[in-house]
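Protein chains: 2
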Amino acid sequence: MFRMNSVISFKMSPYKMNNYFKCSHVCLYSCHAVQESLLSSASGFSNYRGILNWCVVMLVLSNARLFLENIIKYGILVDPIQVVSLFLKDPYSWPAACLIIVSNVFILAALYTERRLAVGTISETTGLILHIFNLSCILVIPAATALTVTSMTSVGGVISLGIYTVLFLKLYSYKDANRWCREIRQAKANGYMYYFVFAPTLCYQLNFPRSSRIRKRFLMRRLLEMLFLMQLLVGLIQQWMVPTIQNSMKPFQEMDFSRMVERLLKLAVPNHLIWLIFFYWFFHSSLNFMAELLQFGDREFYRDWWNSETVTYFWANWNIPVHKWCLRHFYKPMLRKGTNKFLAQSAVFLVSAFFHEYLVSIPLRMFRLWAFMGMMAQVPLALFVSRFLNGNYGNAAVWISLIIGQPVAVLMYVHDYYVLHYGSSA
Amino acid sequence: MFRMNSVISFKMSPYKMNNYFKCSHVCLYSCHAVQESLLSSASGFSNYRGILNWCVVMLVLSNARLFLENIIKYGILVDPIQVVSLFLKDPYSWPAACLIIVSNVFILAALYTERRLAVGTISETTGLILHIFNLSCILVIPAATALTVTSMTSVGGVISLGIYTVLFLKLYSYKDANRWCREIRQAKANGYMYYFVFAPTLCYQLNFPRSSRIRKRFLMRRLLEMLFLMQLLVGLIQQWMVPTIQNSMKPFQEMDFSRMVERLLKLAVPNHLIWLIFFYWFFHSSLNFMAELLQFGDREFYRDWWNSETVTYFWANWNIPVHKWCLRHFYKPMLRKGTNKFLAQSAVFLVSAFFHEYLVSIPLRMFRLWAFMGMMAQVPLALFVSRFLNGNYGNAAVWISLIIGQPVAVLMYVHDYYVLHYGSSA
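From first to last, the protein sequence lines are chains E and V.
When the count follows the numbering used here, it moves up by one through the first sequence with no breaks and lands on 1252 for the last residue.
When the count follows the numbering used here, it moves up by one through the second sequence with no breaks and lands on 1252 for the last residue.
Just chain E, with the same shape it has in the complex (with noise of 0.2 Å):
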């Protein structure tokens, strides 16, 4: 047996030589070398950055597909007059609308509440009556108007309770700024109140910082954002979200758990696109238009949340308004009362599990604490996740709560909603 591999070949005859040589382009005799495959770890390969490509290849495709078998199945559902209806019932009466005009009030009295502070004419303790009794007021009055004008409809209510829960927010933390104020030094209140409450953030200073100058492509490209993918909100949810939503109902009567299952996973997509695009067309496309319309400075309204590894992460970083709020006004100064971490922690969780709630139930006049409980079950979620996964475990972690949680809610609202309004059986 004659051995002869590439190292043993270059002892041969000059002659062979030269025709291994010549030959040798071809691989000729020795076209093996000993070594592993990629994909055993003992061959150290770590690059899979086309793996990148397929999941966004999938992704589409799969989605694609979707979205191709609802139109063979459904047609078109994309109605733009129909919208007009979630807003009124009764084209004479424009209760949401009248709302947020009496909102005015609210502002007007909190402004000359501080300016008879500022000047002394009364003293804290009045000063801070007057405001415990105008903030209950934004809250009450809302509320009390969507429960018992029947001609307000539920987008119509949540629209009006939102602008007034961030009104809320607002002149809470005007109150406290002001106060914080005239603790170190005599200061007046300043006529900027109508630039802060336009202004995209919820915590009061004397004076926001601000951009030079309006960049009026900046401007455009974002009000452009907003209205296409407003008209994209509302496509989906009509193409998408409605009747996925009437499908489900009839497995989550019946109880059948294996459908259930699959129609919460068969929603978990629409909704979160809609989330995702919410996300955009509010914090990025509508906070940064205003921001540069009033040459607001600060357009810090997210961070990155999408690489969160612990739920807490995520609830500090994709709403940085409240965030920012929640910080300045709640959480800091109950620390500065005594208050262990974990328990303000937990206290700003009922906060926000409160203004969910109130959200959600009073504009669908139906008291269900889905929404409470659901902002309630990120406490021991957090918990969890931040002791027993890390890393792309605890950042898959908080996606999968994100995209399944959503639906969740969702799903017992509309059932509820559903079993309420139109009896118990489909």
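Warning: the hint list may mix true and false statements.
A short list of chain E residues far from chain V (calculated; beta carbon distances all over 12 Å) [unchecked claim]:
no. : residue
1   : Asp-905
2   : Glu-950
3   : Leu-973
4   : Asp-1242
The calculated lysine-lysine pairs, modelled on DSBU-like cross-linking and capped at a C-alpha distance of 35 Å, are [said to hold, decoys possible]:
no. : chain 1 : residue 1 : chain 2 : residue 2
5   : V       : Lys-1076  : V       : Lys-915
6   : V       : Lys-899   : V       : Lys-1076
7   : E       : Lys-1076  : V       : Lys-1076
8   : E       : Lys-899   : V       : Lys-1076
9   : V       : Lys-899   : E       : Lys-1076
10  : E       : Lys-899   : E       : Lys-1076
11  : E       : Lys-1076  : E       : Lys-915
12  : E       : Lys-899   : V       : Lys-899
13  : E       : Lys-899   : E       : Lys-915
14  : V       : Lys-915   : V       : Lys-899
It should be emphasised that the hints constitute simulated quantities derived from the structure, not laboratory data.
We treat Cβ as the ideally placed atom computed from N, Cα and C, and that holds for glycine.
For this one, chain E is given, so just place chain V on it according to the hints.
Frame of chain E; chain V shown alone:
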């Protein structure tokens, strides 16, 4: 109006300074700073590492739903007994097994011819004629058997024709490599013939590089993978592919275009997963198992085709044994004869197309040229991708062609088979 932000605040009196610092941890006054949103291009932020986890979670959840929907709709369709019927129509007639046993005749004929050539009892021309006759028989005899023996099933046909094709490539390489050896020196044809026949390579050389020992744990893991993935493949085909294909027949007969596309995309997912599992099962588990058993050192059965940015890179890297054979025994000999590169490359695709068609048409007893055209379409596709797309776009294009191209061919054959065997209407 009183200006006060974090810079100016340091100009305060010591008393105010003290107060400011006392309260600064709650970001009392200035809790805003001029900054851009992360998603604005001006922010320069680019950490989207969480998105890969998002993709994985979305894919897992989407496919979990498809899996559940499938189980609800069809129940459990996996049936290991049914698999036997794919191999055997008549339990007393084993045509595929007989064909495989007969293949030894051709192996021994090639070995005998080379031995004669080595000792010089027959001329090079006689040897070439004998080899050509032997190789022709290897292609023609199983094809003729598969077409005439009615008790041979399609699966049996594919397996025996596949084995014969591998044998054809191996013995062609054996003939070439031995001739090249004789051209530079007299060498005996060694007795390693059966080692080469079972070794996981198509390219013959006198002495293969060997690994030092058989790693028993490695061998066991590959064996378990082989067995498990084999079951998984059969299960996925029975549970997912077959019902999806059956549901596709109606739209394809009615030429309902939008439903055809929907069915195609629906089929693409299981088809692609099955192909991926098949890739791992064959190229990693099975070939590594054989190699470990034979202490065959060269484990490069595939390279990182998942990162392919061109179609050519994919074809040159996903199946290294065939690629190596094509390069050594077809492409480079053509270049040496003066053929230009593009023509030689197209000729390789032509031969590949012939074998693809050979392995599909004959077992199905149906000549439709879909596989042939699918392979030949790779040439213009490769030109298109390399000219217009690169980087991640090229990679995505390769993935799309893989994910979509295969189910198109599968549906074409199944449709034609269905029409041929069960008439033109459903």
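Tell me, which hint numbers fail for this structure?
none
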